[in-house]
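Go ahead and model the full structure; you've got the sequences and the hints to work with.
This is what each chain is made of:
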Amino acid sequence: MFGSVPFYAHSIISFELLLVVVSVVAGFVGAIFGLGGGIIIIPFLTLVMGVNIRYAIGASIVSVIATSSGAAASYVRDHITNIRVAMVLEVATTAGALSGALLAGSIPKRTLFLLFSIILLLSAVMMIRKRKEQEILAPEKCDPIAKRLRLNSEYPDQNLGRTISYGVNNVALGSFLMLFAGLISGLLGIGSGALKVPAMDSAMNLPLKVSSATSNFMIGVTAAASAGLYYMNGSILPILAGPVAVGVLIGALLGSHLMPKLDSQKVRYVFVTILLLIAIQMFGRSIGPSYE
Amino acid sequence: MNKLSMHTFETIIGRFLQFGVLISASSIGLGLIGSWFRSNPNGFEFKDMIFLSSGREIHESLAFDSLNELWFALTTGDATAWITAGILILVLLPIMRVILTGAIFLYQRDYLFFGISALVLTTLSIGLYLGKGL
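Chain order of the listed sequences is L and H.
Residue numbers for the first sequence follow our numbering, so the first one is 1 and each next one is one higher.
Residue numbers for the second sequence follow our numbering, so the first one is 293 and each next one is one higher.
Any given hint could turn out to be false.
[Claimed, not checked] Taking lysine to any residue pairs in the SDA-like style, the calculated list, with each CA pair at most 20 Å apart, reads:
no. : chain 1 : residue 1 : chain 2 : residue 2
1   : L       : Lys147    : H       : Gln400
2   : L       : Lys147    : H       : Met298
3   : L       : Lys147    : H       : Phe406
4   : L       : Lys109    : L       : Ile287
5   : L       : Lys209    : L       : His79
6   : L       : Lys141    : L       : Thr163
7   : L       : Lys147    : H       : Thr303
8   : L       : Lys147    : L       : Arg162
9   : L       : Lys209    : H       : Phe406
10  : L       : Lys209    : L       : Ala138
11  : L       : Lys147    : L       : Leu137
12  : L       : Lys147    : H       : Arg401
13  : L       : Lys147    : H       : Phe405
14  : L       : Lys209    : L       : Asp157
15  : L       : Lys109    : L       : Asn233
16  : L       : Lys209    : L       : Ser74
17  : L       : Lys141    : L       : Asp201
18  : L       : Lys209    : H       : Thr303
19  : L       : Lys209    : L       : His257
20  : L       : Lys147    : L       : Asn233
21  : L       : Lys209    : L       : Gln281
22  : L       : Lys147    : H       : Gly407
23  : L       : Lys209    : H       : His299
24  : L       : Lys209    : L       : Asn169
25  : L       : Lys147    : H       : Leu404
26  : L       : Lys147    : L       : Tyr166
27  : L       : Lys141    : L       : Asn170
28  : L       : Lys141    : L       : Ala172
29  : L       : Lys147    : H       : Tyr403
30  : L       : Lys209    : L       : Lys109
31  : L       : Lys209    : L       : Tyr155
32  : L       : Lys209    : H       : Met298
33  : L       : Lys109    : L       : His257
[Unchecked claim] Partial pick of chain L residues on the chain H-facing surface, computed with a CB cut under 8 Å:
no. : residue
34  : Ile13
35  : Gly70
36  : Ala95
37  : Pro139
38  : Ile239
39  : Ala241
40  : Gly242
Just so you know, the hints here were simulated from the structure itself, not pulled from any lab data.
Where is the CB? At the ideal position from N, CA and C, for every residue including glycine.
Quick look at the structure:
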């Protein structure tokens, strides 16, 4: 039934070291492109190492918290993150994530693979879409809800060398989209930053830098909503989740330090190609023979 | 913004998260190194980790049933316990961040945002509570 045992399964050292190395790469690449490591780590664990997708999701969700908390520290310190917007939207993301984690147990694994391949596709599209020059919303033109919640803020733009004041729009629509982003995060054990960032910059008019930083800050709390549930029901295996969390964290820290120095255009297309290939593989798993 | 500037507020939260991640990663790291010196952690058959596409479930639970049990295992230097403790700290970190943020909003007499923080915290607690029953 098991066939031959792969080389990495012969000793705990080789297994853990392999996991750490792969996770470092996943975290590194993820940080450079503003995606979480989960989108790489879950396909790797399931497709290459043959780990049950439930445990892969459990391991990934822990690494999402590690990356978010590790990187949030520097973003928050640079005063780009909008903590008030984050708190308001977290009401929706946590509710979504909790529902997702509750649903995950009763959704067939094939469907999880299918959903995952769709998210990979979306992330690839996100990465190649042309960013049009974004217009900053004047604070006085903001949504009345944003005014009431005092969400408008400002951030120091290092490229322009001055502080930019911005207004926030469509809080209700943004919250609704976040409910969906949270649901996907809880279902698949990923940060779903690929859904959160466009919800903030396109729907709510937040400046792009503020959107990425705030998304990163929120991802940890979103993941914690489902991680608690996954931990309690035994989907988080310490020996799998431990090395993955540490590896992704190290990779993300390295990636975020190197990011400004990289010319990312060429690497971007390589990465999009990889995402598409993984999407096809994951899709194949959703229609292929069942292993259950 | 009275008493506490937004600037200080953000710095406190940033430092807190950074510190928490450091503690957690150290605990996991120690556990991982410790596990190399044991061929069979926690009575768990190592090859079971791979589940080679069989998708079969694990019979033995690796989680500790109670905090007391975890604490005891930690004091005996159990590698899995150290990894588990690190993971628990990581999961609790955003929850503590919400509590900290809520406390700062309360200190600033921003009752609306204190309420929003409390709402997020409630959702997070429901997650932990429901998970326990599964």
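Hint check:
For the hint linking Lys147(L) to Gln400(H), the alpha-carbon distance of about 18 Å falls within 20 Å, and the restraint holds. With a CA separation close to 17 Å, the supplied pair Lys147(L) and Met298(H) stays within the 20 Å bound. For the suggested pair Lys147(L) and Phe406(H), the alpha carbons sit about 17 Å apart, so the restraint of at most 20 Å is met. The hinted pair formed by Lys109(L) and Ile287(L) meets the criterion: a straight-line CA distance of about 11 Å does not exceed 20 Å.
This hinted pair checks out: Lys209(L) and His79(L) have alpha carbons roughly 11 Å apart, not beyond 20 Å. As the CA atoms of Lys141(L) and Thr163(L) are separated by approximately 18 Å, the hinted pair is consistent with the 20 Å bound. A distance of roughly 25 Å separates the Cα atoms of Lys147(L) and Thr303(H); the hinted pair therefore is violated under the 20 Å criterion. Only pairs whose Cα atoms come within 20 Å are accepted, and Lys147(L) paired with Arg162(L) is rejected, the gap being roughly 23 Å.
Among the hinted pairs, Lys209(L) with Phe406(H) is inconsistent with the structure: their alpha-carbon atoms are about 26 Å apart, more than 20 Å. Between the alpha carbons of Lys209(L) and Ala138(L) the distance comes to roughly 17 Å, so the proposed pair stays at or under 20 Å and holds. Proximity of Lys147(L) to Leu137(L) is assessed by CA-CA distance (about 13 Å); at most 20 Å being required, the pair is judged to hold. Of the supplied pair hints, the one linking Lys147(L) and Arg401(H) holds, its CA atoms being roughly 18 Å apart against a limit of 20 Å.
For the proposed pair Lys147(L) and Phe405(H), the alpha carbon gap of about 14 Å is at most 20 Å, so the pair holds. At roughly 9 Å between alpha-carbon atoms, Lys209(L) and Asp157(L) fall within 20 Å of each other, so this suggested pair holds. Between Lys109(L) and Asn233(L) the alpha-carbon distance is near 17 Å, which keeps this suggested pair within the 20 Å criterion. Straight-line distance between C-alpha atoms of Lys209(L) and Ser74(L) comes to about 13 Å, which keeps the hinted pair within the 20 Å bound.
Distance hint between Lys141(L) and Asp201(L) is fulfilled; the C-alpha atoms sit about 16 Å from each other, no more than 20 Å. This hinted pair checks out: Lys209(L) and Thr303(H) have alpha carbons roughly 18 Å apart, not beyond 20 Å. This hinted pair checks out: Lys209(L) and His257(L) have alpha carbons roughly 16 Å apart, not beyond 20 Å. A distance of roughly 41 Å separates the Cα atoms of Lys147(L) and Asn233(L); the hinted pair therefore is violated under the 20 Å criterion.
Using a Cα cut-off of 20 Å, the hinted pair Lys209(L) and Gln281(L) is violated, with the two alpha carbons roughly 32 Å apart. Of the supplied pair hints, the one linking Lys147(L) and Gly407(H) holds, its CA atoms being roughly 17 Å apart against a limit of 20 Å. Distance check on the hinted pair: Lys209(L) and His299(H) sit about 18 Å apart at the alpha-carbon level, within 20 Å; holds. Proposed proximity of Lys209(L) and Asn169(L) is supported: the alpha carbons are some 16 Å apart, at most 20 Å.
Under the criterion of a C-alpha separation no larger than 20 Å, the hint pairing Lys147(L) with Leu404(H) is consistent with the structure, at around 13 Å. A distance of roughly 12 Å separates the Cα atoms of Lys147(L) and Tyr166(L); the hinted pair therefore holds under the 20 Å criterion. Restraint check for Lys141(L) and Asn170(L): satisfied, since their Cα atoms lie roughly 11 Å apart, inside the 20 Å limit. Straight-line distance between C-alpha atoms of Lys141(L) and Ala172(L) comes to about 16 Å, which keeps the hinted pair within the 20 Å bound.
Note on Lys147(L) and Tyr403(H): the hinted pairing holds, with a Cα-Cα distance of about 16 Å set against a maximum of 20 Å. A hinted pair counts as satisfied when its Cα atoms are at most 20 Å apart, and Lys209(L) with Lys109(L) does not qualify at roughly 36 Å. In summary, the hint linking Lys209(L) to Tyr155(L) is supported, as the alpha carbons are separated by about 9 Å, within the 20 Å threshold. Straight-line distance between C-alpha atoms of Lys209(L) and Met298(H) comes to about 18 Å, which keeps the hinted pair within the 20 Å bound.
Between the alpha carbons of Lys109(L) and His257(L) the distance comes to roughly 37 Å, so the proposed pair goes past 20 Å and is violated. Annotation: interface hint on Ile13(L) holds; nearest CB of chain H at approximately 5 Å, less than 8 Å. Given the 8 Å rule on beta carbons, the hint for Gly70(L) holds: about 5 Å separates it from the nearest Cβ of chain H. With 8 Å as the threshold, the beta carbon of Ala95(L) comes within range of chain H, its nearest partner Cβ sitting at about 6 Å, so the hint holds.
Given the 8 Å rule on beta carbons, the hint for Pro139(L) is violated: about 15 Å separates it from the nearest Cβ of chain H. Taking 8 Å as the C-beta contact cut-off toward chain H, the hint placing Ile239(L) at the interface holds, the least distance being around 6 Å. Because the beta carbon of Ala241(L) sits about 6 Å from the nearest beta carbon in chain H, less than 8 Å, this interface hint is met. The beta carbon of Gly242(L) is positioned within 8 Å of a beta carbon in chain H (closest approach about 4 Å), and the interface hint is therefore held.
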